[in-house]
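2 protein chains.
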Amino acid sequence: MTAHILTIGDEILIGQIIDSNSAWMAEQLNLQGIRVTKIVSISDTAEAIREGLDDAFKKTDLVLMTGGLGPTKDDITKKTLAEYYGVEMSFHEESFERLSGMFARWGRETTPAHREQCFMPDNAKILTNKAGTAPGMWFANERKVAVSMPGVPYEMKYLMEHEVLPLIAETFPGKPISHRTILTIGEGESRIARRIQDIEENLPDHIKLAYLPNLGQVRLRLSATGDNLIELEKELEAQIALIEARIPEFVFGYEKDTIEKVMGELLLENKKTVGTAESCTGGLVAHRITSIPGSSAYYEGSVVAYSYALKEKLLNVDPAVLENHGAVSEETVKAMLKGLLENLGVDIGIAISGIAGPGGGTPEKPVGTIWIAVGDKNKANTLKLQLGKSRSNNIKYTATKALDMVRRFLLENA
Amino acid sequence: MTAHILTIGDEILIGQIIDSNSAWMAEQLNLQGIRVTKIVSISDTAEAIREGLDDAFKKTDLVLMTGGLGPTKDDITKKTLAEYYGVEMSFHEESFERLSGMFARWGRETTPAHREQCFMPDNAKILTNKAGTAPGMWFANERKVAVSMPGVPYEMKYLMEHEVLPLIAETFPGKPISHRTILTIGEGESRIARRIQDIEENLPDHIKLAYLPNLGQVRLRLSATGDNLIELEKELEAQIALIEARIPEFVFGYEKDTIEKVMGELLLENKKTVGTAESCTGGLVAHRITSIPGSSAYYEGSVVAYSYALKEKLLNVDPAVLENHGAVSEETVKAMLKGLLENLGVDIGIAISGIAGPGGGTPEKPVGTIWIAVGDKNKANTLKLQLGKSRSNNIKYTATKALDMVRRFLLENA
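For the protein sequence lines, the chains are A and B, in the order given. 31 is the number of the first residue of the first sequence in our numbering; add one for each residue after it. 31 is the number of the first residue of the second sequence in our numbering; add one for each residue after it.
Please note that the accuracy of each hint is not assured.
Heads up, simulated DMTMM-like pairs for lysine to aspartate or glutamate below, C-alpha to C-alpha not over 20 Å straight-line [to be verified]:
no. : chain 1 : residue 1 : chain 2 : residue 2
1   : B       : K89       : B       : E172
2   : A       : K238      : B       : D74
3   : A       : K109      : A       : D152
4   : B       : K88       : A       : D85
5   : B       : K89       : A       : E81
Derived from the structure by calculation, the hints contain no laboratory data.
Please model the complete structure; the sequences and the hints are all you need to start from.
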């Protein structure tokens, strides 16, 4: 089973946005055993859409489209699809009620353009979009299926997860495919590959291993195809156990775990609370901890102290420490950690200070020099990072590393 | 003048990497007056490449290809191109000398695979790649041009800038094209469309308007094609002025601005500092402010206070206020703001408290109820949001709204 992806809209063609939707959709389809053989970005003209569909249906039975579904004049996907299938458009009461309800909750009124947005091609199965205003549409003509979704990433993802992927599984039942992912942190792709080389070489032909690296983390994804799903899952389980036994110190989770989620679970288990004292990460560590639903059970609060003055005032850092060692030093992050534990009364603290860049570097402390301290009132682990020149990467990588240090601290001191 | 982009390789089709090359190439071509009408990702098979080229040349005279040029056996672009044009491959001495020289400098020897890599189709103009080992190739057949480049982003960029774009300008002297983008916040796509309906309807044929919405923000992009770039830019400027005059309260910037960047510039101009007191946004507002290089000039610090205890301790919130009105209330965010201004000594503060979800809602305060206060020691603006059920969207939307409230506060009270 194959599929094509068709993204509609000039914003990709003029290079204004990067098409991240297609990669995500392709990954989801692959997980369901559907191979994407072509991804095409076209302009939002009726001609380009018609041709795109014609071309796609010559090669495949499934086309996922995104874009061109808003209420404005340049959004012509829906009208073009009605013409393509030779059907009329009718007012879809249910969609309009949902839309009016949403606007009522926001204390606003719908416009005629919103009413217009609820006219739908007569042959479309309407897919409820709880993440936005434009519904998705499912068109089936004999065995050929076209799906139309908004291009806004979270709306597309909502529709894929709740409507489209289940319908695809129902309509195109394929050969079972099973995936398992091991999440690692703290070691690079090529070194992991070397350590598990023999395991990889001995994998049976129907099991494939992929390395998916991203800013200090590497996901190892095993995919198995076969006739018996239970058998496949057992086989994957056995391979996972082999790999994990080889690199236990780097494995922090599985599948869609995140380091902040795993850390949160460990805090809950150990009945400990956490807080952060951040300088160069500017609140990202706090944000990532609190992105987890229910984090209020173990997260108390944070102090972001950019200036010397606030490091002294909010975290009791001795001015002499800042004077003698500088804000980016082991002594300062240790002092920040101490002040955090005292002032916020949390069990475990994260303190971070560094030069995220692009400015602010010196010969002794170039951009990318970052100190982290993690610990409780009895013990602190510190780490110095020497990263690159990208402010955004430095901040993200440091946050990940700090969260992992809490995880390791909890494991060591449980 | 139009062009197609063809990216070759399974890594995009399985969703392992996001195709950021195409956006960059499209932007460069647009700046040179060449409209990209299609971007296609295909598998690295000879059949897919042949079909991709045939399809493209039916519609356009210029195809830029990336990928499939490495030394491994799945890299078949070059061989396929030789077959496509019906030519032989010959050993390219100059390329091999460059390659051997590079390896010598690294203290390594070339392998037979590297010699193989220097066999080139006889009709190709070889484009020297100083950023890597695989040269680019330029194929011209009558007026139809195909260009093949490596998929590694910095190698592709090197070849584009130093070889391909100059050759394109020489081969296809084109009509200029110009783009301008207005960034708005605070009003939906369809309402904006209604307010500028007559402007949009009166646009000349050679100017196109597109609406690009995303979480509370809408970008309006105008694209103009014509003979005279200076004239086009004047025309766009005039249209921009018309649109902006119609919706001045919603326009916050242009092109690649962000709300945090614009807010930062206003703070700098007004010589004011900012800090945040966050509950449900958990540090995201601080993170977004500090994502801007140089933000330390106007950002001092933040307090993230999840618990009642920390709201009292770090922000001096009167326990009676929390008791009587609850943590999610206008009274509480006002008290948080006051405490923030006192304790951190910043000029302007942002205080946020709400129920991000998915849990924690009550009938009176359902998930998505969020209060924001923004102000200084003389004045505070407050806002109640009633958002949806997605924790992540609620947090992001609230952060954007809060940053915009600072921008508005500065404009009102400058």
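Against the structure, the hints come out as follows:
Distance hint between K89/B and E172/B is fulfilled; the C-alpha atoms sit about 15 Å from each other, no more than 20 Å. For the hint pairing K238/A with D74/B, the CA-to-CA distance comes to about 18 Å; that is within 20 Å, so the pair holds. Note on K109/A and D152/A: the hinted pairing holds, with a Cα-Cα distance of about 11 Å set against a maximum of 20 Å. Between K88/B and D85/A the alpha-carbon distance is near 13 Å, which keeps this suggested pair within the 20 Å criterion.
For the hint linking K89/B to E81/A, the alpha-carbon distance of about 11 Å falls within 20 Å, and the restraint holds.
No hint from the list above goes unmet by this structure.
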